[in-house]
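Each chain, letter by letter, is given below.
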Amino acid sequence: MIEIQNVRKSFGSLEVLKGIDLTVQKGEVVTVIGGSGSGKSTLLTCINGLEPIDSGRILVDGTEVHAKATNLNKLRQKIGIVFQQWNAFPHLTVLENVMLAPRKVLGMAKSEAEAMAVKQLTHVGLADKLKTYPSRMSGGQQQRMAIARALAMSPDYMLFDEVTSALDPQLVGEVLDTLRMLASEGMTMICVTHEMKFAREVSDRVAFFHKGVMAEIAAPAELFGAPKDPELQKFLAATH
Amino acid sequence: MFDTAMTANDLLFLLKGAGMTLAVTGVSVAAGTLMGVIFGVIRVQIGPWWAAPLTFLLDIFRSVPLLIQLVLGNAFQSIAKLGWAPFTTSCVILSLYTAAYCTEIVRGAIDSVPPTTRRAARSLGMTWAQDMRFIVAPLATRIALPSWIGLTLGVMKDSSLVLWLGLIELLRASQVLVTRLQEPLFILSICGLIYFLLSFPIARLGGYLEKRWSPND
Ligand SMILES: Nc1ncnc2c1ncn2[C@@H]1O[C@H](COP(=O)(O)OP(=O)(O)OP(=O)(O)O)[C@@H](O)[C@H]1O
Ligand SMILES: [Mg+2]
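As they're listed, the protein sequences go chains G and B.
With our numbering, the residue at position 58 of the first sequence is 58, and numbering never jumps.
With our numbering, the residue at position 133 of the second sequence is 133, and numbering never jumps.
Just so you know, these hints were derived from the structure itself, not from any lab.
Computed from a predicted structure; not experimentally measured.
It is possible that some hints are incorrect.
PhoX-like, lysine-lysine: derived pairs with alpha carbons at most 25 Å apart [as the list claims (entries may be wrong)]:
no. : chain 1 : residue 1 : chain 2 : residue 2
1   : G       : K26       : G       : K131
2   : G       : K78       : G       : K119
3   : B       : K211      : G       : K131
4   : G       : K129      : B       : K211
5   : G       : K74       : G       : K26
6   : G       : K228      : G       : K211
Restraint-style ranges between C-beta atoms, simulated for each label pair [said to hold, decoys possible]:
no. : chain 1 : residue 1 : chain 2 : residue 2 : range
7   : B       : T141      : G       : T122      : 31 to 39 Å
8   : G       : T122      : B       : G150      : 40 to 48 Å
9   : G       : A238      : B       : R133      : 42 to 50 Å
10  : B       : T88       : G       : K78       : 52 to 60 Å
11  : G       : G62       : B       : L54       : 40 to 48 Å
12  : B       : T141      : G       : G186      : 37 to 45 Å
13  : B       : G192      : G       : Q170      : 26 to 34 Å
14  : B       : R133      : G       : K78       : 17 to 25 Å
15  : B       : P48       : G       : K197      : 22 to 30 Å
16  : G       : N73       : B       : G19       : 46 to 54 Å
17  : B       : W128      : G       : S184      : 33 to 41 Å
18  : B       : P48       : G       : N6        : 49 to 57 Å
Just so it is clear, CB atoms sit at the ideal spot from N, CA and C, and this is done for glycine as well.
With the hints as constraints, model all of the structure from the sequences given.
Spelled out as structure tokens, the structure:
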């Protein structure tokens, strides 16, 4: 369970998160929508401790992320995150990209890490690319590799930050299909996305962010069917 | 074709000089690179502000002509009664000179690794050290290599200045022969050829490594 309690965060004088409360249950898929600069990415990077917060707290399975005593490297092993930019390690093959963290962080034996990597790469449809270098693959393939790389750590939670928005339109589908598959397998996920159709289909709940505030959160049918927040109404009108 | 008074012994004398050039260069580049990597990492970690004293110190080594550094360094060691042999003094000064340049190369190379790539590594639970070792080091090495090869070749040529401290390296050995045999063109050609033979493998190694790494980027 991820519990976000009254989290505030500023960059200099700009308050980016203005008291966010959100609890994500095991197995739940929550998508986050909202305009540019509303604080969606910042929230995700706070959840895995990449960014500090100013007040409030975030608990992952009861462990407070920003407590001094928390071992972030340990905690991050169970929170996978995939960014808009796919961030392949360019000097490693696809297989090596996925094997690296299981070997070095989890201390898996080479054969074990390789089996895990092959399994996850097969899962995202890249079984034929094991020996390829990332630069030789399309954006969609690199993004699926990044997903496999996160999954190879056997995380309990997956955070996705607009994983399709840097992709050519014809490549978006393959990555969304991968996310759908994960959702149907019961992975606990928080997805920041601009793909409304996807959000509607896959989410248990959809959260709308506006200027650092979570202005509305509801089941997709309700949020898209009968939006209450005026800003959300505007936002949905603009994206249709 | 060449009517020369140069004997096999003279050639051996030149080769010994070349050995000295190699020794001074090898020690200085090794020590200077090690220090450069350490200083470069420190420089990136603590940021430009806190690193200002270090940067200032290294700027001195980069801007004062090497010859002056050697002469002053030698004077300093004798005043301080360190009792260093000319070889030691030469290596110390050349190492610091190399380190000053290498620090900048390392800093630039580390900075060239995209922060987003490093963030991805940390997100997978890698520690700072693991990120440095498995992601930053290989990527930065590729970036730094051409400049580092250039630095090494430069230090090899600059090392001829240690003749001012009385070391008989390749250039000094040639001078001795020129004075004795009065065949400057012939002897300096051989001297140049030896410098080339020393540098060529290093330059080729650089080219080879660049080629080997490039299809992966
Ligand atoms: N490291 C940073 N330093 C300073 N300001 C930042 C930093 N990261 C984000 N911001 C600012 O914080 C605000 C929220 O950024 P954030 O990336 O969380 O928005 P977002 O909702 O993800 O937007 P987008 O849809 O464009 O990705 C923006 O105004 C942004 O400029
Ligand atoms: Mg964002």
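Structure-based check of each hint:
1. At most 25 Å may separate the alpha-carbon atoms for a hinted pair to count; G:K26 and G:K131 exceed this at roughly 35 Å.
2. Of the supplied pair hints, the one linking G:K78 and G:K119 holds, its CA atoms being roughly 18 Å apart against a limit of 25 Å.
3. Simply put, B:K211 and G:K131 have alpha-carbon atoms about 19 Å apart, close enough for the 25 Å limit, and the pair holds.
4. A C-alpha spacing of about 23 Å is found between G:K129 and B:K211, which places the hinted pair at or below 25 Å, so the restraint holds.
5. Our distance criterion of 25 Å between C-alpha atoms is met by G:K74 and G:K26, whose separation comes to about 19 Å.
6. Proposed proximity of G:K228 and G:K211 is supported: the alpha carbons are some 17 Å apart, at most 25 Å.
7. Hint check: B:T141 to G:T122, Cβ distance near 32 Å, so the stated range 31 to 39 Å holds.
8. Between G:T122 and B:G150 the C-beta distance comes to about 45 Å, which sits within the given range of 40 to 48 Å.
9. Distance hint check for G:A238 and B:R133: the Cβ-Cβ separation is about 47 Å, which falls inside the suggested range of 42 to 50 Å.
10. At roughly 55 Å, the beta-carbon separation of B:T88 and G:K78 lies within the given 52 to 60 Å, and the hint holds.
11. Look at G:G62 against B:L54: about 44 Å separates their beta carbons, and that is inside 40 to 48 Å.
12. Between B:T141 and G:G186 the C-beta distance comes to about 42 Å, which sits within the given range of 37 to 45 Å.
13. Between B:G192 and G:Q170 the beta carbons are some 59 Å apart, a value that contradicts the proposed interval 26 to 34 Å.
14. Distance hint for B:R133 and G:K78: a CB-CB separation of about 23 Å, consistent with the stated range 17 to 25 Å.
15. Range check, B:P48 to G:K197: about 47 Å between beta-carbon atoms, so the 22 to 30 Å window is missed.
16. In this structure, G:N73 and B:G19 meet the distance hint of 46 to 54 Å, their C-beta atoms being roughly 49 Å apart.
17. Between B:W128 and G:S184 the C-beta distance comes to about 37 Å, which sits within the given range of 33 to 41 Å.
18. Between B:P48 and G:N6 the C-beta distance comes to about 36 Å, which lies outside the given range of 49 to 57 Å.
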